[in-house]
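Colleague: Single-letter residue listing:
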Amino acid sequence: MTIPPTTDTVRDPDLLDRPLDTDAAGPVAPEKKSFSLGRLLAWVVTGLIMLVTLFPFYWMVRTAFSNGSTLAANPGSLLPVNFTWGAFQRVLGLSSIEDARAQGGSGASIDFWLALRNSVIISLVITVGQTLFSAMAAYAFSRLVWPGRDLVFGLFLAALMVPPIFTSLPNFLLIKNLGLINTLPGIILPFLFMTPFAVFFLRQFFLGLSREVEEAAKIDGASNVRIFFKLIVPMSSAPITTLAILTFIASWNEYLWPLLVARDASAQPLTLALGIFRSQTPGGSPDWAGLMAMTLLAALPIILLFVAFGRRVVNSIQFSGIK
Amino acid sequence: MSATAAPTTQTKTAPVKPRRSLGDLKIALLFIAPALLGFCVFFVWPTIRGIYLSFTNFDGSNRTPGWVGLANYKQMLSDPVLGKSLLATLEYVVINIVVQTILAILIAVLMQRVAKSTLARGILLLPYFIANVIVALVWFWMLDPNLGIVNDLIEKVGLDGQSWFGNGSLVIPTIALINVWRYMGYTALLIFAGLQTIPSSVYEAASLDGAGELKQFFTITLPLLRPVLVLVLITSVVGSFQVFDTVAVTTRGGPANASNVIQYYIVDQAFNRSHFGYGAAISVLLFVILIVVALVQFKVLRGRESDLA
Numbered sequence: 001m002t003i004p005p006t007t008d009t010v011r012d013p014d015l016l017d018r019p020l021d022t023d024a025a026g027p028v029a030p031e032k033k034s035f036s037l038g039r040l041l042a043w044v045v046t047g048l049i050m051l052v053t054l055f056p057f058y059w060m061v062r063t064a065f066s067n068g069s070t071l072a073a074n075p076g077s078l079l080p081v082n083f084t085w086g087a088f089q090r091v092l093g094l095s096s097i098e099d100a101r102a103q104g105g106s107g108a109s110i111d112f113w114l115a116l117r118n119s120v121i122i123s124l125v126i127t128v129g130q131t132l133f134s135a136m137a138a139y140a141f142s143r144l145v146w147p148g149r150d151l152v153f154g155l156f157l158a159a160l161m162v163p164p165i166f167t168s169l170p171n172f173l174l175i176k177n178l179g180l181i182n183t184l185p186g187i188i189l190p191f192l193f194m195t196p197f198a199v200f201f202l203r204q205f206f207l208g209l210s211r212e213v214e215e216a217a218k219i220d221g222a223s224n225v226r227i228f229f230k231l232i233v234p235m236s237s238a239p240i241t242t243l244a245i246l247t248f249i250a251s252w253n254e255y256l257w258p259l260l261v262a263r264d265a266s267a268q269p270l271t272l273a274l275g276i277f278r279s280q281t282p283g284g285s286p287d288w289a290g291l292m293a294m295t296l297l298a299a300l301p302i303i304l305l306f307v308a309f310g311r312r313v314v315n316s317i318q319f320s321g322i323k
Numbered sequence: 001m002s003a004t005a006a007p008t009t010q011t012k013t014a015p016v017k018p019r020r021s022l023g024d025l026k027i028a029l030l031f032i033a034p035a036l037l038g039f040c041v042f043f044v045w046p047t048i049r050g051i052y053l054s055f056t057n058f059d060g061s062n063r064t065p066g067w068v069g070l071a072n073y074k075q076m077l078s079d080p081v082l083g084k085s086l087l088a089t090l091e092y093v094v095i096n097i098v099v100q101t102i103l104a105i106l107i108a109v110l111m112q113r114v115a116k117s118t119l120a121r122g123i124l125l126l127p128y129f130i131a132n133v134i135v136a137l138v139w140f141w142m143l144d145p146n147l148g149i150v151n152d153l154i155e156k157v158g159l160d161g162q163s164w165f166g167n168g169s170l171v172i173p174t175i176a177l178i179n180v181w182r183y184m185g186y187t188a189l190l191i192f193a194g195l196q197t198i199p200s201s202v203y204e205a206a207s208l209d210g211a212g213e214l215k216q217f218f219t220i221t222l223p224l225l226r227p228v229l230v231l232v233l234i235t236s237v238v239g240s241f242q243v244f245d246t247v248a249v250t251t252r253g254g255p256a257n258a259s260n261v262i263q264y265y266i267v268d269q270a271f272n273r274s275h276f277g278y279g280a281a282i283s284v285l286l287f288v289i290l291i292v293v294a295l296v297q298f299k300v301l302r303g304r305e306s307d308l309a
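Listed in order, the protein sequences are those of chains P and Y.
Residue 55 in full-length UniProt numbering sits at position 55 of the first sequence, with consecutive numbering throughout.
Residue 283 in full-length UniProt numbering sits at position 283 of the second sequence, with consecutive numbering throughout.
Keep in mind the hints are simulated off the structure, nothing from the lab.
Treat the hints with care, as some may be off.
Straight-line distance between alpha carbons at most 20 Å, and here's what the computed SDA-like set of lysine to any residue pairs gives [claimed, not checked]:
1. P:Lys176 to P:Pro164
2. Y:Lys84 to Y:Asp268
3. P:Lys230 to Y:Ile27
4. P:Lys176 to Y:Ile48
5. P:Lys176 to Y:Val41
6. Y:Lys156 to P:Asn74
7. Y:Lys84 to Y:Gln242
8. Y:Lys74 to Y:Asn57
9. Y:Lys156 to P:Ser77
10. Y:Lys156 to P:Leu78
11. P:Lys176 to Y:Ser274
12. P:Lys176 to Y:Thr64
13. Y:Lys156 to P:Val81
14. P:Lys176 to Y:Asn57
15. Y:Lys215 to P:Ala42
16. Y:Lys156 to P:Phe55
17. Y:Lys74 to Y:Phe287
18. P:Lys230 to Y:Leu30
19. P:Lys176 to Y:Asp59
20. Y:Lys299 to Y:Leu224
21. P:Lys176 to Y:Tyr52
22. P:Lys176 to Y:Phe271
23. Y:Lys156 to P:Pro75
24. P:Lys230 to Y:Asp24
25. P:Lys218 to Y:Leu25
26. Y:Lys84 to Y:Pro173
27. P:Lys176 to Y:Arg49
28. Y:Lys156 to P:Trp59
29. P:Lys218 to Y:Gly23
30. P:Lys176 to Y:Asn62
31. P:Lys176 to Y:Arg63
32. Y:Lys156 to P:Gly76
Calculated Cβ distances over 10 Å to all of chain P for the following chain Y residues [as the list claims (entries may be wrong)]:
33. Val81
34. Leu159
35. Gln162
We put the beta carbon where it would ideally sit given N, CA and C, even for glycine.
Taking the hints into account, I'd like the entire structure generated from these sequences.
Modeller: Okay, structure coming up:
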């Protein structure tokens, strides 16, 4: 393996503040680089990796706009086969059974809007609850002084070691005993109050906040509740937003827990509805166009969220990884 | 559970002036109450209950679980499917981790050299944020033996297309590589962040001493990356032992249990076969494996030490 020669020894302190639209195709500091075979190779390999990363997304779009019944005629076509919106109409329940069958659909229907509604409710409620309650706990762990604080925080951190499947079986029994199987609260409750990671993540930021403003507010007679909501939360809006985005994405993508709790379509989020859509189509000739249209629709909110907040999320990943 | 609920209600109903020695205890309890409630009900209690259930013959019904002592653990010793499941999981973990780590280090070094923009990082991170289910379905389609683009390309080159999920010896490598695709950018980003912390002066000194590119990589970069690599390896190994979604969406453990990884086996035993107690016992085994793996990795890689310090 050839490794390109070191010309780039410049470290970039502004790295984290680089805007998202920085040109990925051009060298970061071109004036310092001279052309060499090694650099060319490095660019080729980088390009290949980007291609491999992005191609499945393209293939999802390409298939979603294809006509399912003629897909087999040209499996290698880089463009959609007989371009049509039919697959989306099928998924959204907008086409008649005859039309759906004609385009390779099963004719069976799936309530996309119900699954979407469930996903939105589950993700939003978990995001708001988990972020708020974790922030409150992080405040108690970082800005308040009380006996047993470090012990309790240590216990929270230890819970990071427990694999989710381990708590899933008994939690399922608990939710069952509470009569919440096949309900949205049953899916939401275990994630609503906290995750050890969320508490840890916010505590790190709260520890770094200046004491002075807080002291001044205390002298003015502000209560802790007021200080938390009027000072700490606004001062930490960036990490709190980041955590909220990460929590939303994680809840949107969760599969195992809804699979256990929501056996009935009425409470199933999109991740589960996708599986049902797949199983509805005949095993020999699945409705690939419809399935890809549905995966695209299910991934779209996350892709949009990522486009909107990508830079913040990218930077936070590095923070959480290095800490 | 009741122990945690008590102080919670107390603080809410009777706000008493805090005594000096207790500091902000009352107000702290108010702030921590929801998180503590969630922690005790959905983390601590199920952990205790899970260990208890592993000593019972509970079938998931409303019947009271019967205590069977170590019977579930003895059963594990003579369960051929569990043995196969552990081997499949191990194969998955090894392929996934080795390929992912090598690729991630390569990507991180390439990012450092040629593409460190946020856009490049964002693209690499995108698969990490897409649901496992969606990733699994898209690859299931791309790897379809008849119409999939992968076999189409392979056949154009003149080789034979494969039944990626239907072939017992290909299925685990296939699932492992799908998840490499999903996680390699994320791992690369963590390693890239670690690369940023290595001072350039170290490289400059090595260059002056005449150390070549490869030598610098193995004598400077890799050793100084060790703390980051330990963290990345522990998280990825612990994570990949728990592979579930991809299997559940694509093969459901088949063909012939070839992809019946341990977490899938636990869910299968507990929920499809109503062997709840046995499922709980296997999840205890998984828990123990994960703790041992983390401890061993930490010892072997001496994670606390950095050569920079």
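Colleague: Just pull the numbers of the violated hints for me, sorted ascending.
Modeller: none
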